[in-house]
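Q: Sequence:
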Amino acid sequence: MYISSRNKSGISHGKLFKQPCHLAYLSLLLIITSNDIDLNPALKTTIFPCGTCDEPVTWAEKGIMCDTCNQWYHVSCQSMSSRTYNILAEDSAIAWDCLICDCPNYSSVCFDLVLSTSNSFSILSDYSYSKVHFH
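All residue numbers for the sequence shown refer to the numbering used here, where the first residue is 1 and numbers rise by one.
Everything labelled a hint here was simulated from the structure, so no lab data went into it. One or more hints might be untrue.
[What the hints assert, rightly or not] Computed spacing ranges between beta-carbons, pair by pair: (1) Ile100 x Tyr25: 31 to 39 Å; (2) Thr58 x Ser79: 13 to 21 Å; (3) Ser81 x Cys103: 16 to 24 Å; (4) Thr58 x Ala95: 22 to 30 Å; (5) Leu29 x Asp91: 54 to 62 Å; (6) Leu88 x Leu23: 55 to 63 Å.
Even for Gly, the Cβ is constructed at its ideal location relative to N, Cα and C.
Throw the hints in and build the complete structure from the sequences for me.
A: Okay, structure coming up:
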């Protein structure tokens with residue numbers, strides 16, 4: 001960076017600030033030679049991992065996103081037929097839920113219910129054999 005200034009006598013003095021440039025250059029060299037950076041990290045990161053197998057869902061294979069949890073899945077991991085996939089791909093108004101979101105939550109519905117059962121023969125167990133007299 002070159003900055004010009006004038007003193008009281010009107011003489012122009014140019015000052016070249018070399019320190020900041022050298023410091024930036026040195027910092028850049030240290031980062032590059034440290035081998036701790038990736039020149040293109042976007043290619044190695046998985047943006048859309050499959051919710052079932054955790055492998056990336058790419059353009060090379062059929063993938064679908066759940067409308068409830070917004071998780072991407074491979075069509076093969078969801079056991080979806082090609083016909084169903086094509087129908088969903090053609091009409092964006094059709095909502096699709098993954099196998100996890102599509103299943104009802106039985107733990108909060110059925111398994112928490114305590115059913116009271118009564119034994120209609122329980123009255124028979126109240127009698128002991130010693131009280132019963134056979135003639």
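Q: All hints, please: hold or fail.
A: Results for each hint:
Remark: the range hint 31 to 39 Å for Ile100 to Tyr25 is contradicted by a beta-carbon distance near 53 Å. A hinted range of 13 to 21 Å for the beta carbons of Thr58 and Ser79 is consistent with their spacing of about 20 Å. One distance hint, 16 to 24 Å for the beta-carbon pair Ser81 and Cys103, holds here, with the actual separation near 19 Å. The hint said 22 to 30 Å for the Cβ distance between Thr58 and Ala95, and at roughly 24 Å that hint holds.
Our hint of 54 to 62 Å for Leu29 and Asp91 holds, since their Cβ atoms are close to 55 Å apart. A hinted range of 55 to 63 Å for the beta carbons of Leu88 and Leu23 is consistent with their spacing of about 56 Å.
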